[in-house]
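Novice: Heads up: the sequence lines are chains A and B, in that order. Numbered continuously in this note's numbering, the first sequence closes out at residue 441. Numbered continuously in this note's numbering, the second sequence closes out at residue 441.
Hints may be right or wrong, so weigh each one.
Heads up, the list lumps identical chains together, so a pair's fine if it works in one copy or across two of them.
Straight-line distance between alpha carbons at most 27 angstroms, and here's what the computed DSSO-like set of lysine-lysine pairs gives [what the hints assert, rightly or not]:
#: 1; residue 1: 80; residue 2: 338
#: 2; residue 1: 126; residue 2: 165
#: 3; residue 1: 109; residue 2: 338
#: 4; residue 1: 58; residue 2: 107
#: 5; residue 1: 80; residue 2: 126
#: 6; residue 1: 74; residue 2: 338
#: 7; residue 1: 109; residue 2: 165
#: 8; residue 1: 126; residue 2: 338
#: 9; residue 1: 165; residue 2: 306
#: 10; residue 1: 74; residue 2: 58
#: 11; residue 1: 306; residue 2: 126
Since the hints were derived computationally from the structure, they do not count as laboratory data. Predicted, not measured: the structure shown is a model, and the values here were computed from it.
Number of protein chains: 2
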Amino acid sequence: MATTQDVRLRVFSLNCWGVRYLSQHCTPRYQMIADLLKEEDFDLILLQEVYSEKDYLFLKRALSHCNPHSHYFKSGVIGSGLALFSKHKLLDVFLYRYSVNGFPYKAFHGDWYAGKAVGMVVVNIGGMIAHVYITHLHAEYSREKDAYLPHRVAQTWELVQFVRLTSAAADLVILGGDLNMHPSDLGIRLLRGYTGLVDCYHATQNFQGCPDGATYIPQNPFTSKGELETFPNGIRIDYILFKGSATLAAKCDSFSTTMGHVPGQPFPYSDHEALSVMLLAQRQQKKQEEEEEEEAMASSELLANLIDTVNEARTEVKVGLHHMEGMRHTAMRMGIMGLALLLLEMLIALVPWLAVSTEQGFPRATFYLLGSLSLVTLVLTGVLYIFYSTQVKALHSTEEQMRLAVLRLQEQVTSRGPHSR
Amino acid sequence: MATTQDVRLRVFSLNCWGVRYLSQHCTPRYQMIADLLKEEDFDLILLQEVYSEKDYLFLKRALSHCNPHSHYFKSGVIGSGLALFSKHKLLDVFLYRYSVNGFPYKAFHGDWYAGKAVGMVVVNIGGMIAHVYITHLHAEYSREKDAYLPHRVAQTWELVQFVRLTSAAADLVILGGDLNMHPSDLGIRLLRGYTGLVDCYHATQNFQGCPDGATYIPQNPFTSKGELETFPNGIRIDYILFKGSATLAAKCDSFSTTMGHVPGQPFPYSDHEALSVMLLAQRQQKKQEEEEEEEAMASSELLANLIDTVNEARTEVKVGLHHMEGMRHTAMRMGIMGLALLLLEMLIALVPWLAVSTEQGFPRATFYLLGSLSLVTLVLTGVLYIFYSTQVKALHSTEEQMRLAVLRLQEQVTSRGPHSR
Chain A
21 MATTQDVRLR
31 VFSLNCWGVR
41 YLSQHCTPRY
51 QMIADLLKEE
61 DFDLILLQEV
71 YSEKDYLFLK
81 RALSHCNPHS
91 HYFKSGVIGS
101 GLALFSKHKL
111 LDVFLYRYSV
121 NGFPYKAFHG
131 DWYAGKAVGM
141 VVVNIGGMIA
151 HVYITHLHAE
161 YSREKDAYLP
171 HRVAQTWELV
181 QFVRLTSAAA
191 DLVILGGDLN
201 MHPSDLGIRL
211 LRGYTGLVDC
221 YHATQNFQGC
231 PDGATYIPQN
241 PFTSKGELET
251 FPNGIRIDYI
261 LFKGSATLAA
271 KCDSFSTTMG
281 HVPGQPFPYS
291 DHEALSVMLL
301 AQRQQKKQEE
311 EEEEEAMASS
321 ELLANLIDTV
331 NEARTEVKVG
341 LHHMEGMRHT
351 AMRMGIMGLA
361 LLLLEMLIAL
371 VPWLAVSTEQ
381 GFPRATFYLL
391 GSLSLVTLVL
401 TGVLYIFYST
411 QVKALHSTEE
421 QMRLAVLRLQ
431 EQVTSRGPHS
441 R
Chain B
21 MATTQDVRLR
31 VFSLNCWGVR
41 YLSQHCTPRY
51 QMIADLLKEE
61 DFDLILLQEV
71 YSEKDYLFLK
81 RALSHCNPHS
91 HYFKSGVIGS
101 GLALFSKHKL
111 LDVFLYRYSV
121 NGFPYKAFHG
131 DWYAGKAVGM
141 VVVNIGGMIA
151 HVYITHLHAE
161 YSREKDAYLP
171 HRVAQTWELV
181 QFVRLTSAAA
191 DLVILGGDLN
201 MHPSDLGIRL
211 LRGYTGLVDC
221 YHATQNFQGC
231 PDGATYIPQN
241 PFTSKGELET
251 FPNGIRIDYI
261 LFKGSATLAA
271 KCDSFSTTMG
281 HVPGQPFPYS
291 DHEALSVMLL
301 AQRQQKKQEE
311 EEEEEAMASS
321 ELLANLIDTV
331 NEARTEVKVG
341 LHHMEGMRHT
351 AMRMGIMGLA
361 LLLLEMLIAL
371 VPWLAVSTEQ
381 GFPRATFYLL
391 GSLSLVTLVL
401 TGVLYIFYST
411 QVKALHSTEE
421 QMRLAVLRLQ
431 EQVTSRGPHS
441 R
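Chain A on its own, in the form it takes in the complex (with noise of 0.2 angstroms):
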């Protein structure tokens, strides 16, 4: 395998806003976003909301010479909504669906719908072995009364184990996306600490954009006034993330966003911030175990500290879990509510004393009306039992997981040795 040295890397990442007949002037920002990327020239275009595959085709077209090489991660009813170019020849492709993703029935919130995901790809650079991932997590629709923070976490500790597991043979690890989490979040808290991955926006020297890296701000026209009302200088959803491994020592070597207008066009290319780093990353020689165990043992703050958060994100998860069972229980009895009714109205039906009759009694528009309220509500109820018991299973397993890597975590720190592993 040929090894280069000090090997630059640009990266960009965008949630397009591409919600089609929703979203505003589509297909005027998709051309800005193409005549963007064209001019620019990056390694690595990580894209979010792209949800209507004729926009991805559109940008592979347009892309076709600077990024040729391209994957449009499919999902969910409409989704995933994420897309990928890349300077560099893609060796290996795979998705993972999260598990826990809003309800079915909040068509509006659409997060169900577009099959929120992590998408993966391994690209070789010039020798260097890169593992890049995409992903968009569930939407926070209200910051004081989060209904889908449980969903978020649980997505986060999906994203965390997915990463961690399958980035091993990786010589840098990229992530981006939009995460829908601020910085100080419970979720990014998590997915830095268990990870190691560096937020680019605290790695480097060298910032150019908006306050505090802000990706959703009120200055952008199609931004939501009213959630941004606590935040006047915006809000920071969107990252990239990286790390380097035992071989490879990376860097940030500038950060910089879009400010909510773009210069001589009369709208922003989406709602949210564009993101674009440039990364060093230089070969070095394999780290001693001396070495190792020293950083091992400075790590055992950082480790009670991942211990907390791993904690905490177990509570999110068990309060959801509580949530959805009482969801679940509620759909049974609403089921059984449906079906007692139908059952008394076909005993109705047969016994004839009970008969129903157009002159008295029980009169049969009604009986016909309730007949057809209940077994709707009996089928509805039956999808919709079936659909939270998924989610409790789904709940309960992440749960689990993190109650190991708890158990884990503290043998960790009793022994103060190096990783077990």
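Starting from the structure of chain A, add chain B where the hints point.
Specialist: The following block gives chain B in isolation, referenced to the frame of chain A:
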């Protein structure tokens, strides 16, 4: 990290046929299974179809001394049915749910409700890191008219990718479970060819058990004799596969199966036969680059075979995709019919001169019955349309991953050099 020489590892796998109230003699069979496992003292126990958590907890208690570490993988509505017991501490646990897995309305087939998945566990066995995978693929209900073949092939692909991409850090990889495929079936060829996993049955000189290693045999009183009419020796559908790594040589010392009855007991452990293998693992010097190159050259014929296999799998997934699109289309047409009928009914109810009368014209009972029917049709076809859409997306995703894999494999053949990664 401590290293050891010649680690002996005993692995057990059994489909427990543990569908409460449907499977015969569940409770006494679990008792028999627990007795066997306590006596035999395996390192790793991989169980499938443990659909009741109570049964898992019973086994957990029973095996608490010999196999104190365990995990019950939760997925779907009643699944995943996968349970793992280990003598060695579990360092990590993860679950990947297959994106395509039968149909929810095929309740008697039940696979959809089981949430078929692959469970992964990382264990440290005397300083050797083993990645252990346990899975159960979609059943084959008819070999002649196998409607689920594309599902099983897509599942196999996801299994292959999951194992390939999560096993880079492993010294030893073990995969066990009920794959519901015969040894020469497309999926088994794909799995062995692309992961490099070796089938224990082929790898050992020391086999004791049913002819041809069959694990579903007519001599077993619980098996369906009709299914096995054309296979008088039974079929081999349960597997344990393994592979070592650059730093660890692994081989299969012995392999045995049960033979349809248990001495001194009125019935066998399950409708499937149980598998036990003894693996031997030995640390080795990391291979030299020349050796690796030599191996890569020798494998170009294998690569060509693998390309054929992936292409065959891709064709099968395309067939499934075509079929799924057809079903989505049917659901849409039915939905439109239901909607049209409902609108017609509303028109009849609203427009006076079409009005429903009890004397003549449109009879009220028929009116309401038709209304109920069209409403239920609309709801059900809506749900089905959404379901089919997710399945179409998932099969598209699989098909595209396969297309990329073929491209990369072809490049490897033409370059005739070592693997590019």
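Novice: Taking the hints in turn, state whether each one holds.
Specialist: Results of checking the hints against the structure:
1. 80 / 338: between (42 angstroms within a copy, 23 angstroms between copies)
2. 126 / 165: Within one copy only: 16 angstroms inside, 39 angstroms across.
3. 109 / 338: For residue 109 and residue 338, the Cα distance is within 27 angstroms only across copies (25 angstroms; inside one copy 42 angstroms).
4. 58 / 107: within (11 angstroms within a copy, 56 angstroms between copies)
5. 80 / 126: Classified as neither: same-chain Cα gap 32 angstroms, cross-chain 40 angstroms, threshold 27 angstroms.
6. 74 / 338: between (40 angstroms within a copy, 21 angstroms between copies)
7. 109 / 165: neither (44 angstroms within a copy, 40 angstroms between copies)
8. 126 / 338: The answer is within: 22 angstroms in one copy meets 27 angstroms, while 32 angstroms across copies does not.
9. 165 / 306: neither (48 angstroms within a copy, 55 angstroms between copies)
10. 74 / 58: within (18 angstroms within a copy, 59 angstroms between copies)
11. 306 / 126: Cα proximity of residue 306 and residue 126: none, with 50 angstroms in one copy and 54 angstroms across.
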